[in-house]
Amino acid sequence: MALQVYNTLTRKKELFEPREPGIVRMYVCGPTVYDKAHLGHAMSVVVYDVIRRYLEYRGYTVRHVMNYTDVDDKIIRRARELGVSPMDLAEHYIQEFERHMRELGLMQPHVKPRVSQEIPWIIRVVEGLIEKGHAYVLENGDVYFHVPSKPDYGKLSGRSLDELVEGYRIEPDPRKKHPADFALWKAAKPGEPSWDAPWGPGRPGWHIECSAMNLHHLGEQLDIHGGGQDLIFPHHENEIAQSESYTGRAPFVRYWLHNGLLMVGESKMAKSEKNFVTIDDFLKEHEADVFRMMVLQSHYRRPLAFSDATVQQAEAALARLRGGMKPANPQAPGLDAGPAAELQHQAQEARQAFIAAMDDDFNTPEALAALFTLVRHINKAREAGATDAQLQPAQEVLLELGGVLGLDLLPKTGAVDVQPFIQLLLEVREELRKQRLWPLADRIRDRLAELGVRVEDTPAGPRWYLG
RNA sequence: GGCGGCGUAGCCAAGUGGUAAGGCAGGGGCCUGCAAAGCCCUGAUGCGCGGGUUCGAAUCCCGCCGCCGCCUCCA
Numbered sequence: 003m004a005l006q007v008y009n010t011l012t013r014k015k016e017l018f019e020p021r022e023p024g025i026v027r028m029y030v031c032g033p034t035v036y037d038k039a040h041l042g043h044a045m046s047v048v049v050y051d052v053i054r055r056y057l058e059y060r061g062y063t064v065r066h067v068m069n070y071t072d073v074d075d076k077i078i079r080r081a082r083e084l085g086v087s088p089m090d091l092a093e094h095y096i097q098e099f100e101r102h103m104r105e106l107g108l109m110q111p112h113v114k115p116r117v118s119q120e121i122p123w124i125i126r127v128v129e130g131l132i133e134k135g136h137a138y139v140l141e142n143g144d145v146y147f148h149v150p151s152k153p154d155y156g157k158l159s160g161r162s163l164d165e166l167v168e169g170y171r172i173e174p175d176p177r178k179k180h181p182a183d184f185a186l187w188k189a190a191k192p193g194e195p196s197w198d199a200p201w202g203p204g205r206p207g208w209h210i211e212c213s214a215m216n217l218h219h220l221g222e223q224l225d226i227h228g229g230g231q232d233l234i235f236p237h238h239e240n241e242i243a244q245s246e247s248y249t250g251r252a253p254f255v256r257y258w259l260h261n262g263l264l265m266v267g268e269s270k271m272a273k274s275e276k277n278f279v280t281i282d283d284f285l286k287e288h289e290a291d292v293f294r295m296m297v298l299q300s301h302y303r304r305p306l307a308f309s310d311a312t313v314q315q316a317e318a319a320l321a322r323l324r325g326g327m328k329p330a331n332p333q334a335p336g337l338d339a340g341p342a343a344e345l346q347h348q349a350q351e352a353r354q355a356f357i358a359a360m361d362d363d364f365n366t367p368e369a370l371a372a373l374f375t376l377v378r379h380i381n382k383a384r385e386a387g388a389t390d391a392q393l394q395p396a397q398e399v400l401l402e403l404g405g406v407l408g409l410d411l412l413p414k415t416g417a418v419d420v421q422p423f424i425q426l427l428l429e430v431r432e433e434l435r436k437q438r439l440w441p442l443a444d445r446i447r448d449r450l451a452e453l454g455v456r457v458e459d460t461p462a463g464p465r466w467y468l469g
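If you want our numbering, it's the 1-based position in the first sequence plus 2.
Worth flagging that the hints you see were computed from the coordinates, not collected in a lab.
Quick reminder that beta carbons are idealized off the backbone N, C-alpha and C, glycines included.
A hint or two may mislead.
[To be verified] Using 30 Å as the maximum straight-line C-alpha spacing, the simulated DSSO-like pairs for lysine-lysine come out as follows: (1) K114 - K191; (2) K276 - K328; (3) K15 - K157; (4) K152 - K38; (5) K38 - K276; (6) K273 - K76; (7) K188 - K76; (8) K328 - K286; (9) K114 - K157; (10) K191 - K15; (11) K191 - K286; (12) K276 - K114; (13) K114 - K273; (14) K178 - K188; (15) K179 - K191; (16) K134 - K179; (17) K76 - K191; (18) K14 - K152; (19) K188 - K328; (20) K134 - K188; (21) K14 - K38; (22) K191 - K38; (23) K191 - K157; (24) K14 - K157; (25) K152 - K76; (26) K276 - K286; (27) K191 - K178; (28) K134 - K191; (29) K38 - K328; (30) K114 - K76; (31) K114 - K15; (32) K382 - K436; (33) K286 - K38; (34) K328 - K191; (35) K38 - K15; (36) K76 - K178.
[Claimed, not checked] With beta-carbon atoms standing in for the labels, derived distance ranges: (37) L84 - F374: 41 to 49 Å; (38) D75 - R378: 17 to 25 Å; (39) R79 - F374: 21 to 29 Å; (40) D282 - A391: 36 to 44 Å.
Sequences are here, hints too, so could you generate the full structure?
Next comes the structure, spelled out in structure tokens:
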């Protein structure tokens with residue numbers, strides 16, 4: 003078995019073979035930092051976090067780059083509304099996004115370049131494109147990429163230039179040589195951030211930053227480029243045009259991965275739809291793994307339904323996975339050698355099924371199905387009287403595979419020193435139960451639950467856990 | 001209008017030619033003082049609709065219907 007990934011460029015699943023064996027160069031489009039991030043952004047970063055974790059689990063060394071767009075029309079506009087400097091505004095939201103990444107349990111990208119710090123590389127690429135005849139400078143200092151200079155333009159999004167022109171819903175700028183030409187550099191305007199360049203001061207257009215950052219941090223050709231499906235056109239199409247025209251090398255990207263969008267009812271979660279839930283608001287009500295679970299329960303290329311019901315379902319599913327990690331029943335007699343060995347075997351099968359599922363274009367719903375099956379086997383073994391020592395190997399597999407998905411399935415143990423007190427309370431409660439003083443016994447259980455200690459009675463005595 | 005994609009049980013969602021995973025919710029049972037947790041059993045004779053190809057189709061082809069994304073900033 004080998005890893006297969008779906009490539010937007012070819013619209014097929016392909017055998018994954020990085021250009022340099024064992025090394026994966028991966029770039030993911032990050033946010034434009036002009037406002038609070040919502041769950042749509044969170045979905046994207048979680049998807050690529052899982053992909054990276056799995057690649058590393060499979061033994062690849064991943065070099066992961068995610069950019070921050072901190073120079074942009076929207077940032078400038080919003081800063082003006084708020085009366086702050088665009089750079090201060092961007093810095094604020096970068097810090098906030100950094101916090102989100104920690105709260106969501108994401109692995110840190112190795113490099114997180116910002117447009118404002120990549121200007122020399124951007125200028126170098128724009129200059130190269132002008133020299134090679136792929137770009138031209140207007141009188142006012144704007145620089146445009148000339149789309150017809152790239153004959154295979156449209157290969158990613160599946161559009162021809164003719165189709166594009168027909169589809170235009172806005173009047174093309176008459177100064178452009180071709181209606182599809184797009185800005186690489188916008189001439190400086192009063193009150194906007196700008197940098198000097200050989201053809202005049204200004205700031206970069208949106209698409210050029212990713213080409214320049216890739217060149218700088220990953221080289222001329224990369225293995226994986228990810229982003230939301232809404233970035234396929236024009237952003238990624240333009241990125242290909244820029245990079246391949248500049249370097250003269252193709253393909254710029256071996257595997258283009260695009261995640262489906264987060265849906266609220268029938269439309270995508272977006273700022274403009276006013277249907278978004280911010281990451282902060284979600285995390286006030288739920289832990290991060292609930293969101294991750296929701297993302298994992300659907301395939302990354304498909305749209306993901308977001309609603310109160312799907313959140314609740316994810317919460318329940320997560321609790322079920324964690325249930326597999328519960329300890330053995332008190333005074334468990336132990337399993338015979340046969341059934342004990344059977345559990346180990348089932349754990350190995352679960353691992354194989356998990357890998358097979360993930361190898362098939364990161365099929366996380368199927369991978370989760372393997373984990374649920376393992377949980378059922380563990381639960382059965384526990385009910386059959388397995389000891390902790392007998393459960394442990396299978397539980398370690400569960401923990402390992404959950405970890406590959408970025409889930410923390412380990413029950414919270416809390417401070418060690420509270421345990422004697424809980425034990426004491428439970429002993430007292432057992433006495434009360436023996437004397438059939440149910441109201442008092444239930445009160446202890448209810449009060450402990452309020453304090454976050456869940457007590458479950460079993461025939462052999464009570465067990466408890468934090469949660 | 002153009003391009004891309006989707007439509008699978010109450011909900012979420014895998015499966016892309018070999019006879020429908022998994023989770024949630026629901027029902028029945030076991031266990032239990034109760035509760036919780038867990039275990040067992042249970043749900044689509046059918047995968048938007050209508051044709052076609054095939055020994056065989058949710059999966060391929062054709063035609064409809066509905067929905068979404070992109071074509072303007074967007075993860």
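Next on the checklist: Could you work out which of the previously given hints the structure breaks and list their numbers from low to high?
Outcome noted: The structure breaks hints 2, 4, 10, 11, 19, 21, 23, 29, 34, 35, 38, 39; every other hint is satisfied.
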